[in-house]
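Top line first, the protein sequences correspond to chains A and B. Going by numbering that gives the first Met the number 0, 391 is the number at position 392 of the first sequence; the sequence numbering is gapless. Going by numbering that gives the first Met the number 0, 375 is the number at position 376 of the second sequence; the sequence numbering is gapless.
Since the hints were made in silico from the structure, they are not lab data. Heads up, the beta-carbon is just placed ideally off N, CA and C, and yes, glycines get one too. Don't take each hint at face value.
Some chain B residues flagged as far from chain A (calculated, every beta-carbon gap over 10 Å) [said to hold, decoys possible]:
hint	residue
1	I6
2	N21
3	I91
4	S153
5	G208
6	V224
7	N363
8	D377
9	G382
10	V418
To spell it out: a stretch of chain B is covered by chain A in this simulated footprint if at least three of its residues, at any positions, have a beta carbon under 8 Å from a beta carbon of chain A; those stretches are [what the hints assert, rightly or not]:
hint	stretch
11	42-51
12	138-148
Pair ranges (Cβ atoms, derived) [as the list claims (entries may be wrong)]:
hint	chain 1	residue 1	chain 2	residue 2	range
13	B	E356	A	P420	24 to 30 Å
14	A	I285	B	P106	31 to 37 Å
15	A	A211	B	K18	46 to 52 Å
16	A	G288	B	K210	27 to 33 Å
17	A	Y88	B	K18	45 to 51 Å
18	A	R188	B	S66	29 to 35 Å
19	B	F14	A	E356	26 to 32 Å
20	B	E337	A	R215	54 to 60 Å
21	B	I186	A	N89	55 to 61 Å
22	A	R215	B	K18	46 to 52 Å
23	B	K242	A	I101	32 to 38 Å
24	A	N92	B	N306	30 to 36 Å
25	A	A211	B	P420	32 to 38 Å
Number of protein chains: 2
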Amino acid sequence: MHKKEMISHIEDICFKAYKASNTLSHATTHAKNEALEKIAKHIQKDKKMILEANIIDMDMAKNNNISDALLDRLFLDESRLDNIISGVYNIINLEDPIGSEIKRWKPSNGIDMCQTRVPIGVIGIIYESRPNVTADASTLALKSGNCIILRGGSESFYSSSAIINSIKNGLKSSQLSEDCVNMVNTIDRDAVGLLLNMHKYVNLIIPRGGKALIERVQIDSKIPVLSHLDGLCHTYIDVDANKEMAINIVLNAKMRRTGICGATETLLCHKDVIINILPDIINKLIEQGCEIRADKNIKVLNHNIKNATIEDWQTEYLDKILSIKTVENVSDAIKHIEKFGSNHTDAIITDNKQTAEIFLKEVNSAIVLHNASTQYADGGEFGMGAEMGIATGRLHARGPVGLEQLTTYKYQLRGNGQVRP
Amino acid sequence: MHKKEMISHIEDICFKAYKASNTLSHATTHAKNEALEKIAKHIQKDKKMILEANIIDMDMAKNNNISDALLDRLFLDESRLDNIISGVYNIINLEDPIGSEIKRWKPSNGIDMCQTRVPIGVIGIIYESRPNVTADASTLALKSGNCIILRGGSESFYSSSAIINSIKNGLKSSQLSEDCVNMVNTIDRDAVGLLLNMHKYVNLIIPRGGKALIERVQIDSKIPVLSHLDGLCHTYIDVDANKEMAINIVLNAKMRRTGICGATETLLCHKDVIINILPDIINKLIEQGCEIRADKNIKVLNHNIKNATIEDWQTEYLDKILSIKTVENVSDAIKHIEKFGSNHTDAIITDNKQTAEIFLKEVNSAIVLHNASTQYADGGEFGMGAEMGIATGRLHARGPVGLEQLTTYKYQLRGNGQVRP
Chain A
0 MHKKEMISHI EDICFKAYKA SNTLSHATTH AKNEALEKIA KHIQKDKKMI LEANIIDMDM
60 AKNNNISDAL LDRLFLDESR LDNIISGVYN IINLEDPIGS EIKRWKPSNG IDMCQTRVPI
120 GVIGIIYESR PNVTADASTL ALKSGNCIIL RGGSESFYSS SAIINSIKNG LKSSQLSEDC
180 VNMVNTIDRD AVGLLLNMHK YVNLIIPRGG KALIERVQID SKIPVLSHLD GLCHTYIDVD
240 ANKEMAINIV LNAKMRRTGI CGATETLLCH KDVIINILPD IINKLIEQGC EIRADKNIKV
300 LNHNIKNATI EDWQTEYLDK ILSIKTVENV SDAIKHIEKF GSNHTDAIIT DNKQTAEIFL
360 KEVNSAIVLH NASTQYADGG EFGMGAEMGI ATGRLHARGP VGLEQLTTYK YQLRGNGQVR
420 P
Chain B
0 MHKKEMISHI EDICFKAYKA SNTLSHATTH AKNEALEKIA KHIQKDKKMI LEANIIDMDM
60 AKNNNISDAL LDRLFLDESR LDNIISGVYN IINLEDPIGS EIKRWKPSNG IDMCQTRVPI
120 GVIGIIYESR PNVTADASTL ALKSGNCIIL RGGSESFYSS SAIINSIKNG LKSSQLSEDC
180 VNMVNTIDRD AVGLLLNMHK YVNLIIPRGG KALIERVQID SKIPVLSHLD GLCHTYIDVD
240 ANKEMAINIV LNAKMRRTGI CGATETLLCH KDVIINILPD IINKLIEQGC EIRADKNIKV
300 LNHNIKNATI EDWQTEYLDK ILSIKTVENV SDAIKHIEKF GSNHTDAIIT DNKQTAEIFL
360 KEVNSAIVLH NASTQYADGG EFGMGAEMGI ATGRLHARGP VGLEQLTTYK YQLRGNGQVR
420 P
């Protein structure tokens with residue numbers, strides 16, 4: 000695609016989404032749910048085509064020697080498509096946040112003031128090669144009254160295009176416009192830069208993916224960004240921790256699923272419980288195939304432990320690796336998290352309520368836990384039903400981004416002739 | 000100041016604010032109010048010095064042939080300083096939003112989940128030449144637990160420096176750090192660009208001022224921005240409007256104060272009530288010295304009316320000028336607002352509730368009013384007590400930005416050993 004053609008394509012889909020959002024913003028819950036049902040049915044009907052498109056993507060990926068982890072994310076089969084379809088029905092069953100009253104009051108001027116939830120408008124989502132995100136993001140956006148521009152990873156181009164085709168056919172057979180959902184139809188990397196300049200039509204950019212992608216988007220975007228940079232999560236074992244609980248929680252926080260952003264990457268351990276609590280944890284982790292990197296106080300516990308360097312405190316492994324550091328006390332743990340953490344999710348294990356409250360108050364992360372696994376950092380566990388991701392910035396939304404976090408508000412003031420004195 | 004020196008100054012104040020915010024975030028309401036009281040007392044004690052500094056600014060401004068309107072904004076006297084001081088006491092009396100529970104629930108996993116209000120962190124504010132903003136913004140930030148970096152207009156440099164000096168002396172005699180409030184100590188324009196790059200330490204930028212300043216900040220900032228671009232507000236007189244009410248509201252919406260962002264700039268009038276309602280409004284406005292620019296249907300009503308051009312629909316006059324346009328119906332009015340409005344504040348005058356609800360629903364502005372003056376777009380009228388400005392973007396906060404809008408939230412999860420299945 001020529002540069003000129005690409006510019007006009009990006010402008011065209013953004014403008015169409017912008018126009019469509021004026022109608023979608025005020026669509027009834029019934030109209031949105033009906034369209035979602037049509038979308039689910041079209042994905043069901045088009046299964047064969049989607050799987051054929053996925054074979055093309057998989058073949059190209061294999062030729063490009065892509066890692067097994069990435070191939071697994073890219074892969075679709077009947078059962079994964081069924082999951083995508085049941086995800087759409089899941090969103091149909093969620094409560095529609097649009098139009099609800101957040102606050103209503105009448106000041107002394109006698110005007111009835113109502114803060115009402117409304118959609119954001121047009122959302123651009125930039126993501127890597129998981130075809131299911133194409134469906135999840137589109138349907139979350141639709142239910143929350145937002146139009147969406149999708150820019151997926153090049154590896155999933157054919158799979159995503161096939162899914163978008165089904166979504167658009169679903170929309171065409173509904174009351175909503177097919178322009179509510181749009182996909183960038185080129186894998187050219189310059190398209191991302193063009194999209195980030197469409198502040199005239201696009202109200203929010205959500206990047207999902209690796210650190211490099213998200214940092215680039217945050218720096219280049221002229222549109223507000225809601226992103227999670229990374230999930231460098233910590234668990235701190237306090238001097239007053241219950242040994243049994245510490246073992247259970249750390250094993251779960253690290254090993255339940257190592258590839259998710261809520262997995263613990265660094266364990267902080269109070270100096271006085273190293274001898275009592277750590278050996279059991281380390282033995283079990285090593286048994287389960289986890290590599291341990293630790294400072295010299297801890298290294299003596301087991302000859303399989305490697306030396307931790309400063310790089311380890313800065314690394315989100317997303318793998319069977321855990322770094323462990325000795326700390327003096329809870330303040331020392333908080334300081335380490337402030338210096339190396341990513342404002343995502345951090346936990347303390349202690350039976351001392353006062354110490355726990357200091358941790359919950361002073362750690363500035365989106366999610367802070369006492370006596371529970373960091374793997375609870377998940378929209379489903381929060382009761383949100385479905386999520387777009389976990390935000391670690393300070394503005395608009397922090398933590399899991401579900402339907403409500405994809406909305407904003409306006410003030411509707413109802414008077415009876417008031418003029419301001 | 001040399002470029003190198005300037006870079007190190009900006010980095011230094013941003014880093015100090017970042018460090019101070021870790022303590023200020025958890026300061027008690029009592030500590031914050033005590034510091035605010037000390038600040039009020041120091042401004043009171045330093046009145047003479049502040050007024051002397053203001054004389055320097057005023058003399059320089061006069062030498063630079065600055066407009067009377069700007070000179071008036073810059074000017075300080077005993078009574079304006081008293082207003083600044085009473086503004087500080089006003090903020091002391093406002094409720095502290097920090098630490099309050101927004102939502103608390105316990106999902107089936109048995110973890111007690113609490114969404115708690117916390118400060119944003121460090122806020123940078125870029126504003127024009129009103130010295131009172133220096134005190135207002137600093138004290139609003141302090142009460143909401145945020146550290147602040149101030150970059151005022153060059154014209155008010157000496158006045159603002161003197162006020163900052165009093166604020167820092169107040170902080171020094173309190174439990175809070177003087178690093179909570181910092182001012183960029185150069186009028187070099189490059190300092191703004193440097194500040195907009197401090198995303199490592201600064202969490203939010205709030206620009207206050209003209210359109211050019213705010214657009215520059217929105218485009219250049221690597222830090223999230225909360226801004227109001229302009230207040231191109233509309234009032235629409237519907238076919239079912241009450242004549243008396245329409246006259247009162249339009250006169251107030253345009254003329255009460257023409258220089259504020261909530262003033263009506265364009266009047267939209269249903270074609271069928273031009274003859275009945277408009278003549279009285281136009282006569283009264285002209286009597287009060289207001290210039291009218293209108294389309295040809297309306298121009299025939301009075302020989303003093305000038306021709307409106309497309310530029311008029313795009314202009315925020317902030318002056319005694321009103322543009323008037325004929326529209327076919329409420330949909331036509333909504334379309335005009337969508338095309339030319341600034342998402343700030345728009346009003347409908349009608350006795351027809353159904354028409355009113357269509358307008359309140361479909362106009363996408365931060366504030367929409369039925370049968371009331373657009374001049375109600377004000378934090379005080381909303382019961383917020385004090386405001387940083389009126390936001391017109393879609394994210395984080397819309398409409399008046401008071402204490403609550405200067406906060407964010409985190410999730411505190413309290414478990415008893417939960418691990419995720």
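Right, here's what the structure says about each hint:
The beta carbon of I6/B is kept farther than 10 Å from every beta carbon of chain A, the shortest such distance being approximately 18 Å. Listed as a non-interface residue, N21/B fails to keep its Cβ farther than 10 Å from every Cβ of chain A; the least gap is roughly 7 Å. Interface exclusion of I91/B from chain A stands, the closest Cβ pair being 21 Å apart, more than 10 Å. Residue-level check passed: S153/B sits 27 Å from the nearest beta carbon of chain A, beyond 10 Å.
With a least beta-carbon separation of about 19 Å from chain A, G208/B lies farther than 10 Å from that chain, consistent with its non-interface assignment. Not every Cβ of chain A is farther than 10 Å from the Cβ of V224/B; the closest lies at roughly 8 Å, contradicting the non-interface assignment. With a closest Cβ-Cβ approach of about 7 Å to chain A, N363/B is found to fall inside the 10 Å limit, against its non-interface label. Not every beta carbon of chain A lies more than 10 Å from that of D377/B, the smallest distance being close to 8 Å; the non-interface claim is violated.
A beta-carbon of chain A comes within 10 Å of the beta-carbon of G382/B; the shortest separation is about 5 Å. The Cβ of V418/B does not lie farther than 10 Å from every Cβ of chain A; its closest approach is about 4 Å, which violates its non-interface assignment. Three residues within the 8 Å Cβ limit are the bar, and the stretch 42-51 of chain B against chain A gives 0, so the coverage statement is violated. Against chain A, the stretch 138-148 of chain B contributes 0 residues with a C-beta closer than 8 Å to a partner C-beta. That does not satisfy the three-residue criterion, and the hint is violated.
Between E356/B and P420/A the beta carbon distance is about 28 Å. The supplied range of 24 to 30 Å therefore holds. The hint said 31 to 37 Å for the Cβ distance between I285/A and P106/B, and at roughly 33 Å that hint holds. Distance hint check for A211/A and K18/B: the Cβ-Cβ separation is about 29 Å, which falls outside the suggested range of 46 to 52 Å. At about 60 Å, the beta-carbon gap between G288/A and K210/B misses the expected band of 27 to 33 Å.
The beta-carbon spacing between Y88/A and K18/B, approximately 50 Å, falls within the hinted interval of 45 to 51 Å. Our hint of 29 to 35 Å for R188/A and S66/B is violated, since their Cβ atoms are close to 48 Å apart. About 28 Å separates the C-beta atoms of F14/B and E356/A, a value consistent with the hinted range of 26 to 32 Å. Range check, E337/B to R215/A: Cβ separation about 33 Å, and the 54 to 60 Å hint is violated.
Evaluation of the 55 to 61 Å hint for I186/B and N89/A yields a pass: the beta carbon distance comes to about 57 Å. For the pair R215/A and K18/B, the beta carbons lie near 28 Å from each other, so the given range of 46 to 52 Å is not met. At about 35 Å, the beta-carbon gap between K242/B and I101/A stays in the expected band of 32 to 38 Å. Against the hinted window of 30 to 36 Å, the Cβ-Cβ separation of N92/A and N306/B comes to about 57 Å, which falls outside the hint.
Between A211/A and P420/B the C-beta distance comes to about 33 Å, which sits within the given range of 32 to 38 Å.
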